[in-house]
Amino acid sequence: MRILNFAATILIAILAAQAALAHAFLDHAEPRVGSTVPSAPKEVALFFNQKLEASFSTIEVSDASGARVDQGKPMINATTMRIGVKPLPPGTYTVRWQVLSVDTHTTEGKFNFQVGK
Amino acid sequence: MSRHLLHTLALAGVMAVTCTSHALAHCFVGARFFPATLATDDPCVADEMSIPTVAWSKTADVPPASQLDIGIDISKRITENFGVTVSQDWTSIRQPNGTLMQGFGNFETTFQYQILKDRDHELAILSGLIVDWGRTGSTGSGFATDYSLVTPTLYVGKGFGDLPSNFGWFRAFAVTGQVGYQIPTNSFDFTQNAFIPQQLVYGASLQYSMPYLKSEIIDLGLPDFINHLIPIVELSLTTPVSNNFGNPYTTTGTVNPGFIYIGSTFQVGLEAMIPVNRASGTGVGVLGQLHLYLDDMFPTTIGQPLFGGTSSPRKLTF
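Heads up: the sequence lines are chains A and S, in that order.
For the first sequence, our numbering assigns the number 1 to the initial residue and increments by one for each residue that follows.
For the second sequence, our numbering assigns the number 118 to the initial residue and increments by one for each residue that follows.
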């Protein structure tokens, strides 16, 4: 039983110590993934569960025709990535992102949101 | 062919095996994450460890005996696309009259090579060779054989996130499958006085990723715990196909409904094991696993491939 307790203690310690690493998953976004917002947002913000490497993380926002509607450079602060968008008429928009977490693991994703429909 | 050219080709081959674009490590294929499945294998090489996998079930005997299996396995990437897994199982069978039999199965080694990872189509294909080494377990108690088993195996994983967006929530589904042909190194077991059949060993999983639903399709604002779950149904089957003279060609296996909880550096899985027929067992068993992502826990040391490492990160293009 002592061995089991020791093993469990070591395991918990390892997990706790490493909790700040790992792949960066998208925790939530503004506008929310798959949502419909009544008015056009001025920016798209992504919130991750890990810190990001700014130099190797990127984001794009495009309209239904595939034309880019983001503007300016992505702003990355710890676990958050933001990018401004042009005035968005009603329609469906796609956000594509790729990020590198501080432990060098890459993750990527894509989601839609709608404006004013 | 000149010696210099041979060296160049050899170096090119090594580079082809080890060259990678960026670190994905455990089973990420584009936006899709395939978890480590419990009864079958996921379609990627990785640095990971299952410690332990525990299964409890009742055998097909009449009356049935209780069987407890405890296994560990450690997977290590040698290069970015080639990995080796070592596994060891310990089994305990308690008969209804209280008789207890315990012992280790044969030591198992799996060599795997990642054939394909297509991130746009969330498709992964992996080839493998499973070797169950004879005389490395408790042969005296019957839990291990004195012959080896060699099983070439193909693994596939496919996520449905590449379907058009009007498929909606369905896009969070993914399937994995594997099929192997098990060849024993002996054709006759003189201890059991029986032929040793060659067998088809196959399985599949159907999984629904709540993390994928939340981050790719629609964020329903569900509790955080729910957003980490992957409900899953696994199917694990074995069918004798040749050298089975005098024995029935009966398929045995289990259907395993359950779920996997995905954490940052680990996952926990729990499944019921439902025998597919009377020959596969009695009643419903339980299968549980704690699985650690070594590449996430130790990203700069043992979480890296032994050779080739991971190339410098670069800004990716869509």
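Quick caveat, the hints were computed from the structure, so don't treat them as lab data.
There could be a bad hint or two in this list.
To be verified - In silico DSBU-like links for lysine-lysine, alpha-carbon gap of 35 Å or less:
1) A:110 to S:193
2) S:193 to A:51
3) A:42 to A:110
4) A:86 to A:110
5) A:73 to A:110
6) A:42 to A:86
As the list claims (entries may be wrong) - Example chain S residues on the side facing chain A (calculated, C-beta under 7 Å, incomplete):
7) 148
8) 280
9) 283
10) 333
11) 335
12) 336
13) 361
14) 364
15) 413
16) 416
17) 418
A virtual CB, placed ideally from N, CA and C, is assigned to each residue, including glycine.
(Q) Tell me the hint numbers this structure goes against, listed in increasing order. (A) Those not satisfied are hints 8, 9, 13, 14, 17.
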